[in-house]
Amino acid sequence: MSAIATEVKQRRVSLTGNDAAAEALRQANPDVVAAYPITPQTELMHAFAQFHADGRVDTELVLVESEHSAMSACVGASAAGARVATATSSQGYALMVEICYIAAAFRLPIIMPLVNRALSGPINIHCDHSDAMLARDTGWIQLWSENSQEAYDNTLMAFRIAEHPSVLTPIIVNLDGFILSHTGEVLDVLDDAAAKGFVGEYRPERALLDTDHPYSVGALFLPDNYYEARRQQQQAILDCVPVIEAVSREYAELAGRSYGLIEGYCLDDAELVMVGMGSTMGTAKVAVDELRAEGLRAGLLKLRLYRPFPGPQIVAAIRHAKAVAVMDRAISYGLDGGPLFHEVRSFAHNQTRAPFASYVYGLGGRDIIVDELKGIFRDLEAVSKGADASATRYIGVRE
Amino acid sequence: MSTKTEPYTWKTMPRGSVIPEAGNASGYRTGSWRTYRPVWNPKTCIHCLTCWILCPDSSIQAEGGKVKGIDYDHCKGCGICAHECPINTKLMAKEGLSDEERAKGKAITMVLESEAEKAE
Numbered sequence: 001m002s003a004i005a006t007e008v009k010q011r012r013v014s015l016t017g018n019d020a021a022a023e024a025l026r027q028a029n030p031d032v033v034a035a036y037p038i039t040p041q042t043e044l045m046h047a048f049a050q051f052h053a054d055g056r057v058d059t060e061l062v063l064v065e066s067e068h069s070a071m072s073a074c075v076g077a078s079a080a081g082a083r084v085a086t087a088t089s090s091q092g093y094a095l096m097v098e099i100c101y102i103a104a105a106f107r108l109p110i111i112m113p114l115v116n117r118a119l120s121g122p123i124n125i126h127c128d129h130s131d132a133m134l135a136r137d138t139g140w141i142q143l144w145s146e147n148s149q150e151a152y153d154n155t156l157m158a159f160r161i162a163e164h165p166s167v168l169t170p171i172i173v174n175l176d177g178f179i180l181s182h183t184g185e186v187l188d189v190l191d192d193a194a195a196k197g198f199v200g201e202y203r204p205e206r207a208l209l210d211t212d213h214p215y216s217v218g219a220l221f222l223p224d225n226y227y228e229a230r231r232q233q234q235q236a237i238l239d240c241v242p243v244i245e246a247v248s249r250e251y252a253e254l255a256g257r258s259y260g261l262i263e264g265y266c267l268d269d270a271e272l273v274m275v276g277m278g279s280t281m282g283t284a285k286v287a288v289d290e291l292r293a294e295g296l297r298a299g300l301l302k303l304r305l306y307r308p309f310p311g312p313q314i315v316a317a318i319r320h321a322k323a324v325a326v327m328d329r330a331i332s333y334g335l336d337g338g339p340l341f342h343e344v345r346s347f348a349h350n351q352t353r354a355p356f357a358s359y360v361y362g363l364g365g366r367d368i369i370v371d372e373l374k375g376i377f378r379d380l381e382a383v384s385k386g387a388d389a390s391a392t393r394y395i396g397v398r399e
Numbered sequence: 001m002s003t004k005t006e007p008y009t010w011k012t013m014p015r016g017s018v019i020p021e022a023g024n025a026s027g028y029r030t031g032s033w034r035t036y037r038p039v040w041n042p043k044t045c046i047h048c049l050t051c052w053i054l055c056p057d058s059s060i061q062a063e064g065g066k067v068k069g070i071d072y073d074h075c076k077g078c079g080i081c082a083h084e085c086p087i088n089t090k091l092m093a094k095e096g097l098s099d100e101e102r103a104k105g106k107a108i109t110m111v112l113e114s115e116a117e118k119a120e
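In order, the protein sequence lines correspond to chains A and B.
According to the working numbering, the first sequence is numbered sequentially starting from 1.
According to the working numbering, the second sequence is numbered sequentially starting from 1.
By construction, these hints were calculated from the structure, which means they are not laboratory data.
C-beta: ideal position from N, C-alpha, C; glycine also.
Heads up, none of these hints are tricks.
A few chain B residues facing chain A, derived, Cβ under 7 Å:
no., residue
1, Y8
2, W10
3, M13
4, R15
5, G16
6, S17
7, V18
8, I19
9, P20
10, A22
Some chain B residues judged to face chain A by a derived CB distance under 8 Å, without partners named:
no., residue
11, P7
12, T9
13, K11
Over the 12 Å line for every Cβ pair with chain A, so calculated as not near, a few chain B residues:
no., residue
14, G31
15, T35
16, K43
17, T44
18, C45
19, C48
20, I70
21, E84
22, M110
23, E113
24, E117
One chain only, chain A, in its complex shape (with noise of 0.2 Å):
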């Protein structure tokens, strides 16, 4: 994100990021909400049921007995024509990914604030992103906050890029829990009218409540025509990267506040490059300002989209590297290397010979402080001057 000049009203508040993002859903007013509590994002929506409570949302509050529910009232809600939003956490998310597929098969463009925690087991509630981790392959756009300014601006973003007629793909809006979502920040919101005229109004080319037009949503697809289908959707999120390019810019010159796909911090110049998500960014920011200061030439590059995956944008951006850092909060068991790691070194193949080194850190909430991202920045350089790149770097365990 980056300032940039605006005249719209907006309000400086402290908010948790639970609280940033009810915020933000309390201001695109959904049709309906479906959702069921699970750590760390019950309270987000606690703050919501409190704005439905007091009348502020025309919502229809669906509380349901399970997220498996809770993403099968989003699809019918969805299909039937309205504007749809839910929230969810780790075990939640993995209890409703099996209808998660289905709503983006079905091109239902439901809008879900997913707050980052570990996947049990052993059960654990603080941050990583292996839920989000889970979502990668569903067919959702994913988003990334590094703060809780950003849950806020990209929850109201996420509406107008998920409902826009050429994308009608749900969207998956990312924030760390805990360090987000129950942390106090000040962030500026927008006022009411220019929130709800930036997001506008949802109209959706199909309904199934418009009975004058009947159609069949959920139909059985044989291997006559399933193949067909896959590939279209996959095509469909591909290409939603030019409306994400130009709702943000949108959003740009309404808030002031400015996103692309991509986050280059110091990044120009830069020769040892980190690649990260999330809230570990802000803090690997203050350990690039520190290096800097020192005279190492650090930089960081933060993604903001995830799905579709901006790999031609990262390769471009961190291209005169001489050696990068590809941070994992999150593994996929079996695979030696982080699965952002080897994304970004795949794409970046035959681009560069600049060694990549994969890190992976802050399993199950471990804290990652500025000492340790300066350490990885020093590993880096040791990278760079030759040092083997091979072994997957486990940064904070116990060894």
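With chain A held as given, fit chain B onto it using these hints.
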């Protein structure tokens, strides 16, 4: 979904895996899944339409309150029609009868598809 006419390409397929026309399942022949075929006997049928009401695939053909036949393009051979056919319930209730003997009393009986094809 039905592809009676030109098959969809991935570019022409309706978005969201929907079927844009209502009620086109009749154009999609799904009867080939069948293992057992229901065979209807018009001589013993009393046209109570129990089979017509209960068939999950609307495959009992009826007209003017009378059973006319079975739609083998869509019948999956589940056997509900034969099971529920109430003809000769006294015979059905009699103990000591083989399944074959019980089936004799029905207006619809289930026959192995391969044997029904041979008989054709």
